[in-house]
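S.K.: Residue strings, one per chain:
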Amino acid sequence: MKRSIVAAAGPFLLALSLFPSPAFPLLYIDINAPGGKRMPIAVADVVVDPGDPSLSRGIPKILSDDLVLTELFDLVPPTAHMESVTAAHFSGKPLSFPGWKMIGAEAVVIGNVSARGDRLSVEMRLYDATQGTLLLAKRYTGTPAQLRSIVHRFANEIVYTFTGVRGVFGTEIAFTARSGKSKGKELYIVGMDGQDLRKVTDNRSFNLFPRWSPDGQWLAYTSFRTGTPSVYLRNVSTGAEKEVIRFGGSKAPGGFSPDGVWLYAGVSQAGNSDIYRVRVVGGAMEKVAEGWGLEVSPSLSPDGKRIAFVSDRGGSPQIYVKAIGVAGETRISNGAGYATSPSWSPAGDRIAYTARSGGRFIVATVAPDGTGSREVASAADGDCEDPSFSPDGRSLVYTYRKRDYSALKIISLDGRRQRTLVSGLGDVGSPAWSPGR
Amino acid sequence: MKGTRSWKWAVLVLSIAALVSVGCAKKQTVKSEGAQGAAPAPGVVTEAPVKAPPPAPVTVAPPPEAAPGVAVTEEKLSQFDDVRFDFDKSEVRGDGRKTCGVVADYLKKHPQAKMQIEGHCDERGTAEYNMALGERRATAVMTYLVSLGVPKAALSTVSFGKEKPLDPGHDEGAWAKNRRAHFVLK
Numbered sequence: 001m002k003r004s005i006v007a008a009a010g011p012f013l014l015a016l017s018l019f020p021s022p023a024f025p026l027l028y029i030d031i032n033a034p035g036g037k038r039m040p041i042a043v044a045d046v047v048v049d050p051g052d053p054s055l056s057r058g059i060p061k062i063l064s065d066d067l068v069l070t071e072l073f074d075l076v077p078p079t080a081h082m083e084s085v086t087a088a089h090f091s092g093k094p095l096s097f098p099g100w101k102m103i104g105a106e107a108v109v110i111g112n113v114s115a116r117g118d119r120l121s122v123e124m125r126l127y128d129a130t131q132g133t134l135l136l137a138k139r140y141t142g143t144p145a146q147l148r149s150i151v152h153r154f155a156n157e158i159v160y161t162f163t164g165v166r167g168v169f170g171t172e173i174a175f176t177a178r179s180g181k182s183k184g185k186e187l188y189i190v191g192m193d194g195q196d197l198r199k200v201t202d203n204r205s206f207n208l209f210p211r212w213s214p215d216g217q218w219l220a221y222t223s224f225r226t227g228t229p230s231v232y233l234r235n236v237s238t239g240a241e242k243e244v245i246r247f248g249g250s251k252a253p254g255g256f257s258p259d260g261v262w263l264y265a266g267v268s269q270a271g272n273s274d275i276y277r278v279r280v281v282g283g284a285m286e287k288v289a290e291g292w293g294l295e296v297s298p299s300l301s302p303d304g305k306r307i308a309f310v311s312d313r314g315g316s317p318q319i320y321v322k323a324i325g326v327a328g329e330t331r332i333s334n335g336a337g338y339a340t341s342p343s344w345s346p347a348g349d350r351i352a353y354t355a356r357s358g359g360r361f362i363v364a365t366v367a368p369d370g371t372g373s374r375e376v377a378s379a380a381d382g383d384c385e386d387p388s389f390s391p392d393g394r395s396l397v398y399t400y401r402k403r404d405y406s407a408l409k410i411i412s413l414d415g416r417r418q419r420t421l422v423s424g425l426g427d428v429g430s431p432a433w434s435p436g437r
Numbered sequence: 001m002k003g004t005r006s007w008k009w010a011v012l013v014l015s016i017a018a019l020v021s022v023g024c025a026k027k028q029t030v031k032s033e034g035a036q037g038a039a040p041a042p043g044v045v046t047e048a049p050v051k052a053p054p055p056a057p058v059t060v061a062p063p064p065e066a067a068p069g070v071a072v073t074e075e076k077l078s079q080f081d082d083v084r085f086d087f088d089k090s091e092v093r094g095d096g097r098k099t100c101g102v103v104a105d106y107l108k109k110h111p112q113a114k115m116q117i118e119g120h121c122d123e124r125g126t127a128e129y130n131m132a133l134g135e136r137r138a139t140a141v142m143t144y145l146v147s148l149g150v151p152k153a154a155l156s157t158v159s160f161g162k163e164k165p166l167d168p169g170h171d172e173g174a175w176a177k178n179r180r181a182h183f184v185l186k
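Just so you know, the sequences run in chain order A and V. With the working numbering as the guide, the letters of the first sequence map in order to residues 1 to 437. With the working numbering as the guide, the letters of the second sequence map in order to residues 1 to 186.
Misleading hints may appear alongside valid ones.
[As the list claims (entries may be wrong)] As a list, the in silico BS3-like pairs of lysine-lysine whose alpha-carbon atoms are at most 25 Å apart:
(1) V:K186 - V:K152
(2) A:K37 - A:K101
(3) V:K186 - A:K183
(4) A:K183 - V:K177
(5) V:K108 - V:K98
(6) V:K177 - V:K89
(7) V:K177 - A:K402
(8) A:K37 - A:K61
(9) A:K181 - V:K152
(10) A:K183 - A:K199
Don't read these hints as lab results, they were simulated from the structure.
Turn these sequences into a full structure, and let the hints steer you where they fit.
M.R.: In structure tokens form, the structure reads like this:
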């Protein structure tokens, strides 16, 4: 079993001597090894010439916050830095690596920013301080408003260099919230680091069940804005929308096929909900799974060949897995009297879901064959529901609810580390993590 | 207006994000020089770096007129009682049948009337499942009314799942009120 961690778990084994040969991938940090040491890293002040001098500290701040969030790194505080990085270090002058090693850094990040009009050119470099070798160098250009996105990209590169798994900075979580006196629920999007919160819909009806398209450009969701529910696709960049499912009564999108061609949804007709899929272009609709009970919440396997979904055909809602286009289904949730909201992991090896346990709702994961079920998130005083996998498969975002309080939380798959992503926004729910960027 | 402004702002940010994703892909021109050749060092560093504090979660202050998270409830008043249901069930109970009888008598006396049956659930469980369960409850009531002689054309259903609780409380008393079919004359 994988004991991976999160954008929030640590400490980690520093597998420095495990891969002595360059023939192996360059993995400094074993994310599957619990209880190890973190990578000590120094993020130097960035050289700014010419441009906004506040970037000198501003860029390292964004990058440092990202690296801290992974819990894979320990930051060497800037007050300990002894060497001033200058433009000369980007044109051949070597860094004084013994000095960086002396203050405990095993890796050093330096950066150089120049501005021409409204265009920034950002060069970032990552060094192995113990060997004095360059590990990674990238140059980005963009506007000052794109700076956070640029730094997130480099943070993802750093994580990839040390772990072999791309980071998730710059990804986002879509969710629903009923705030203040609003009668309805609106869709919101927030960055995985808790920044850049924004409202997506503003029509004061119920806007529910947001689901990302595989390219991250569209959200499928159910809206009651005409008085009856329809499923819409909304382009998150332009705000353009189109209605994709009007057929039937209640309806909720579950997920897209990996190629983005099909949208899977639970749709009720004559009071009985079944699983359908609709062509995003053209609108052709076909039934995928049906039964005497309610069939809802389809989640696609990463290869697009199977769905996990909820059915109450056995008397209570449980999770089933089915190969698309093949007769027969396998129940994979066992023991809980109530199991809903499956979310298939990006690697395909786990399915997260909500289970009722001792009168409370908890988040658990299980293998697609129904074996190896284990609890991830629970609370003695409230409910944990609606899990959605991060694109690197190392964490889940879920809803925590206690009476009138609700929050979105992010937890490592082993349940050991968690943080609050959104709170104080009223009644929040249905979080969906965007694909990788 | 605030909502419109924040929406436009969101579109602006999204547009910029889309631009940067296009812009950056072409510009990553500095090649990695050492990634293949650097062997990890066996040396052990013993100094303890200072940990930075974790970032604070986003906390948005709610508008002053409402307590955070308390659902504001509102629904069209009905001259008919709600039909109530057991947890995770959609069978019309004895008390609900009595109510349905009153509704059926009214609709038979007023053949021009159109009735929408709203299906609702309590707050427990997943929103999607409850949305389908509410539809099944509303349909169960509709089917029962039809069995009492109400023309199907006079009836329609809509499910609000757990989104429109009648009672915002969090105990069995509130939940029992919220698991209901609600009659609205159109």
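S.K.: Does A:K37 pair with A:K101 here, judged by a C-alpha cut-off of 25 Å?
M.R.: Holds, at about 16 Å.
S.K.: Assess, step by step, whether the Cα of V:K108 is no farther than 25 Å from the Cα of V:K98, and give holds or violated.
M.R.: Status holds; Cα separation ~16 Å.
S.K.: Measure nothing beyond the straight line between the CA atoms of A:K183 and V:K177; if it is 25 Å or shorter, mark the hint as holding.
M.R.: Holds, because 19 Å separates the two Cα atoms, which is no more than 25 Å.
S.K.: Hey, V:K177 versus V:K89, does the alpha-carbon distance stay inside 25 Å?
M.R.: holds (14 Å)
S.K.: Does A:K402 sit within 25 Å of V:K177, going by the straight-line distance between their CA atoms?
M.R.: holds (20 Å)
S.K.: For V:K186 and A:K183, compute the direct alpha-carbon distance and say whether it is at most 25 Å.
M.R.: holds (20 Å)
S.K.: For A:K37 and A:K61, compute the direct alpha-carbon distance and say whether it is at most 25 Å.
M.R.: holds (23 Å)
S.K.: Is A:K181 within 25 Å of V:K152, Cα to Cα?
M.R.: violated (37 Å)
S.K.: Is A:K183 within 25 Å of A:K199, Cα to Cα?
M.R.: The given pair, whose Cα atoms are some 16 Å apart, holds under the 25 Å limit.
S.K.: Does the alpha-carbon distance linking V:K186 and V:K152 stay inside the 25 Å limit?
M.R.: Distance ~15 Å between V:K186 and V:K152 Cα, so the pair holds.
In summary, the one numbered hint that this structure violates is 9.
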